[in-house]
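Colleague: As you go down the protein sequences, you meet chains A and B in turn. Residues 0 to 512 in numbering that gives the first Met the number 0 are what the first sequence lists, from first letter to last. Residues 0 to 512 in numbering that gives the first Met the number 0 are what the second sequence lists, from first letter to last.
It should be emphasised that the hints constitute simulated quantities derived from the structure, not laboratory data. Heads up, the beta-carbon is just placed ideally off N, CA and C, and yes, glycines get one too. Any given hint could be a false lead.
[Said to hold, decoys possible] Which bits of chain A does chain B cover? Going by a derived footprint, with three or more residues having C-beta under 8 Å, they are: (1) 257-266; (2) 315-321.
[What the hints assert, rightly or not] Derived CB-CB ranges, DEER-like: (3) Asp39/A / Thr250/B: 52 to 60 Å; (4) Pro206/A / Ala405/B: 56 to 64 Å; (5) Pro335/A / Gln76/B: 28 to 36 Å; (6) Gly402/B / Glu60/A: 48 to 56 Å; (7) Leu72/A / Pro328/B: 49 to 57 Å; (8) Ala129/B / Glu138/A: 51 to 59 Å; (9) Gln97/A / Pro328/B: 54 to 62 Å; (10) Thr250/B / Pro382/A: 53 to 61 Å; (11) Ala210/A / Arg329/B: 34 to 42 Å; (12) Leu72/A / Ala129/B: 18 to 26 Å.
[As the list claims (entries may be wrong)] Incomplete in silico selection of chain A near chain B, CB under 7 Å: (13) Gln126; (14) Val276; (15) Val327; (16) Pro328; (17) Trp330; (18) Ile331; (19) Asp333; (20) Leu343; (21) Gly353; (22) Leu367; (23) Ala371; (24) Lys374; (25) Leu428; (26) Gly446; (27) Leu458.
Number of protein chains: 2
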Amino acid sequence: MLTPSGHAPLRRRARLRALAASIVIPLVACAAGAHAAAADLDAIRTQVVAQHDVSVKRLQEWIALPSIAAEDLNVQQGAEHMAKLAREAGFQKVEIVQTDGKPGVFATLDAGAPTTVGLYFMYDVKQYDASEWVAPPLEARIVDRPGVGKVMIGRGATNQKGPQSALLAALHAIRDAKQAMPVNLVLVAEGEEEIGSPNIGQLALRPDVQAALKNTVGVFMPMALQDADGEVVVNLGAKGIVELELVADGTAWGRGPAKDVHSSLKAMVDSPAWRLVKALDTLVSDDGNTITVDGYPAAPPISAEHRAMVAAAMAKRNEARARQQLGVPRWIDDLPWQQANERLVSQPTINIEGLVGGYTGPGGKTVLPHRAVAKIDMRLVPPMTRDGAVAALKAHLAKRGYGDIAVNVSGGYNPTSTDASSRLVQAQLAVLKRNGLEPLLWPRLAGSYPGFVFTEPPLGLPSAHFGLGHGGGAHAPDEYFVIESSKPAVRGYDGAVMSYVEYLYELGSGSGR
Amino acid sequence: MLTPSGHAPLRRRARLRALAASIVIPLVACAAGAHAAAADLDAIRTQVVAQHDVSVKRLQEWIALPSIAAEDLNVQQGAEHMAKLAREAGFQKVEIVQTDGKPGVFATLDAGAPTTVGLYFMYDVKQYDASEWVAPPLEARIVDRPGVGKVMIGRGATNQKGPQSALLAALHAIRDAKQAMPVNLVLVAEGEEEIGSPNIGQLALRPDVQAALKNTVGVFMPMALQDADGEVVVNLGAKGIVELELVADGTAWGRGPAKDVHSSLKAMVDSPAWRLVKALDTLVSDDGNTITVDGYPAAPPISAEHRAMVAAAMAKRNEARARQQLGVPRWIDDLPWQQANERLVSQPTINIEGLVGGYTGPGGKTVLPHRAVAKIDMRLVPPMTRDGAVAALKAHLAKRGYGDIAVNVSGGYNPTSTDASSRLVQAQLAVLKRNGLEPLLWPRLAGSYPGFVFTEPPLGLPSAHFGLGHGGGAHAPDEYFVIESSKPAVRGYDGAVMSYVEYLYELGSGSGR
């Protein structure tokens, strides 16, 4: 599917022409605010193209330094690199903030603008197994992908270094084009997003950080929102998540062995592995799809408004391609495409991420394991809460006689919702419309991010994702981000950068929240 | 528990005294057969002691070369080393026999004796994780173990290189003492015991090997039968076993993803991991202990004769120590010690050796795995058969709607029984009694070995285990074999060697099968 690029890079002039052709931004759209009025978007666009190679190299260097919280890998280095990137992009105050977990970064850019915008970044990435990749996951190699264009393959390419680096490149370009920065910025960047952000509150709610965020119109996270055809959905929130391990252990149980013993002893010794299977069995229906945890918080049925949003989006989405990309022959319960997506946005899940018990190597080993673990993630929809879901799970296990099974929560957070009328969302819609992209609203991102820290008290801010461009393979092998798109409707890297330029000017030209 | 030895080795003379004191073998006992009559056991004993250091070194060198069939490790080297050991011990014909799996070794020692005895060896060992050991598993370090003596720590120390090397040392000592070998020997050694001996028939039933075995009075495997107090049980058979993997896979199922996908998709995509849990759940009762596979072959209740054997053995076994060694606070169903052991010898099991699915590393990873595996071993008792058990499992899964779950059998064999009146068993009882050890009969070893190839047609031979000495930790970390015992009742290495000398002379002095 992916082949190393055999093409010479497009020359700069050709790229500029390509970019000019694919982005239509009437200058009048930038005339509302004082700062925006002063902007010469052509000059910025010229800078974006001029800086293309430097920006791509900056992204490649970032990908080469993976910070992985679950493996305690490059934690301090990742925070320092994030701080350096912020400083270079023009943030005047940049501080590494220690937490009980991995350090975060707090940075502010004061442009003297009337509007302040919050940014949420993550500098960590998901684990990877290099043997599963077509190109080394840290090399950030740019390859030709037929029908897509030139894509960068690398861990973090789209989740989230590609889009975040594009936003930073937008700040470089605005400054170097000597244009007024349209908004002030408050950045919080964490290094634990991929383990469920257990300490995000210690970063975002530290009194001075909280005070800075309180001044913003809301907080957004850079994200490549375009699908492979260029379609964009604007998410009005995200599911919450809990990540945890269920651990069956002979010592905790008071039955079975305290260490692995010879499997012949199964005839007289209890098995923690079977106990884990039996406890897991009680959590979901026989088809694995309906949560059967006693007293688990119920999810309301999807609203008519949300159903209409899904229907409008489905009319533009290609089911066959989605099936093919995921390798999924049929959806849950053989649901049609639209109902499957209604389920995606509206239903909570209990998923087994991993099973680990006893002997896990090649072939067999005749042991009776003393311990077995299920790695679980539970996705939450409003009004569910992280604490409520965990409490219900624990109560269920206790009630069913599995109180000895440890519920070790490693991270998670509540779901979020952001009003479509918020300035954060309205500015997105305006930019999209201006570019001829019909804005599709999407009720809720099925994935999760710690927006709760911004949307819930004490901050109570709108929180959203924005960015053009396209990527894929988040959490999977061959994660990619489009650098030069072969489809006019899909933006490449420079187009992604320009989408942040446009969005920041649009935010700077508005008023209210 | 285990500390490196700080003691200087006992001097040879002291060891000889210790050995003479612990083994009482009236010479008259060896007067029955022509070969046996000629034996000077004192001369042999002197050789055993003189060769102690060489014999121990031979064992250490063997442990340093682990052959692990499941990992395809040192397969050819292991067979060649086994052949070399046989040649050096006096086998005149030694051949490496290729099979569809790992090679075996076939060797014969013609002593011109009227009686021929079969030997079954395994040159492979179980996998190990060195990080779990107190001493490197291949170093075969000799350490002091309080209350036990000097023990050798190493993978294969007791299962099965220690006892097998002791038998080879017996052959060296008999020859070097210039005594007549009391029996002819036919050796079959395989390298796949730990994966369930999938090709043992290709070795033991090859026409010339089969013809050689047909001449034997039976086949025995060297084994350290003494427990930590020196008690010995004589096994009258062994359970059978099937090792297999149950694999739930999205592609085979026709549901779920063909590769790992982002876990948020659980809301619309089926989960092979949950499917595995649900299928496993149908195999055993809620406590994990009773097999609930539809139509699974039933095990008859324990016979009165076997119950009496267990009762007699339990009177001499220390329950508290067994619990402590295994780290098991209570037995299945809170059974008393004797009933737990009745269950051990009489009941089949389905055990989970390992669970492997999705992400198995540290922390979590939000994936929906496309595949999950349970590693299973099933122990069998007569009249169950390997093929019958597998067929019942497959039929059960199909009937319950889990026909897509693959049942990948990697090895296994039928249970065995050997009559207490056989010469192989009667000779054991005679040696034990002569040494003041009250022989305890045990209905069936709960572990498994491929004795079926000897006991079933076309060979139909008695098959058994024999050997004095003590070891522990088979298949577990810190596997050990006693080299110098601190308890008079428990034999050290030289005592184990002498037990084989005695057994071979006893077998040579008898008649019939």
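Colleague: So, for every hint listed, does it hold in this structure?
Modeller: Here is how each hint holds up against the structure:
Evaluation of the coverage hint for the stretch 257-266 of chain A: fulfilled, as 10 residues show C-beta separations to chain B shorter than 8 Å, against a requirement of three. Counting residues of the stretch 315-321 of chain A whose CB falls under 8 Å from any CB of chain B gives 0; the rule of at least 3 is not met. Judged by the Cβ atoms, the range 52 to 60 Å given for aspartate 39/A and threonine 250/B holds: they are separated by roughly 55 Å. For proline 206/A paired with alanine 405/B, a C-beta distance near 58 Å keeps the hint of 56 to 64 Å intact.
A hinted range of 28 to 36 Å is violated for the C-beta pair proline 335/A and glutamine 76/B, which are about 60 Å apart. At about 52 Å, the CB distance of glycine 402/B to glutamate 60/A agrees with the hint of 48 to 56 Å. About 39 Å separates the C-beta atoms of leucine 72/A and proline 328/B, a value inconsistent with the hinted range of 49 to 57 Å. Range check, alanine 129/B to glutamate 138/A: about 33 Å between beta-carbon atoms, so the 51 to 59 Å window is missed.
At about 43 Å, the CB distance of glutamine 97/A to proline 328/B disagrees with the hint of 54 to 62 Å. Separated by about 38 Å at the C-beta atoms, threonine 250/B and proline 382/A break the suggested range of 53 to 61 Å. As the Cβ distance of alanine 210/A to arginine 329/B is approximately 58 Å, the hint placing it in 34 to 42 Å is violated. Our hint of 18 to 26 Å for leucine 72/A and alanine 129/B holds, since their Cβ atoms are close to 24 Å apart.
The interface hint given for glutamine 126/A is met, as the beta carbon of that residue sits about 6 Å from the closest beta carbon of chain B, less than 7 Å. Given the 7 Å rule on beta carbons, the hint for valine 276/A holds: about 5 Å separates it from the nearest Cβ of chain B. Of the supplied interface hints, the one on valine 327/A holds, with its beta-carbon coming within about 5 Å of a beta-carbon of chain B, less than 7 Å. Checking proline 328/A against chain B: minimum C-beta separation of about 6 Å stays under 7 Å; hint holds.
At its closest, the beta carbon of tryptophan 330/A sits 5 Å from a beta carbon of chain B; the interface hint therefore holds under the 7 Å criterion. Satisfaction of the interface hint for isoleucine 331/A is found here, the shortest Cβ-Cβ separation to chain B being roughly 5 Å, below the 7 Å cut-off. The interface hint given for aspartate 333/A is violated, since its Cβ lies 9 Å from the closest Cβ of chain B, which is over the 7 Å cut-off. Interface hint at leucine 343/A: satisfied, since its Cβ lies 5 Å from the closest Cβ of chain B, which is below the 7 Å cut-off.
Look at glycine 353/A: its Cβ gets to within about 4 Å of chain B, closer than 7 Å, so that hint holds up. Satisfaction of the interface hint for leucine 367/A is found here, the shortest Cβ-Cβ separation to chain B being roughly 6 Å, below the 7 Å cut-off. Nearest Cβ of chain B to the Cβ of alanine 371/A: about 6 Å, under the 7 Å cut. The hint holds. The closest approach between the C-beta of lysine 374/A and any C-beta of chain B is roughly 5 Å, which is under the 7 Å cut-off, so the hint is satisfied.
Hint status for leucine 428/A relative to chain B: violated, with the closest Cβ pair at about 24 Å, above 7 Å. A least Cβ separation of about 4 Å between glycine 446/A and chain B falls short of the 7 Å threshold, and the interface hint therefore holds. Annotation: interface hint on leucine 458/A violated; nearest CB of chain B at approximately 25 Å, more than 7 Å.
Checked against the numbered hints given earlier, this structure breaks hints 2, 5, 7, 8, 9, 10, 11, 19, 25, 27; the rest are met.
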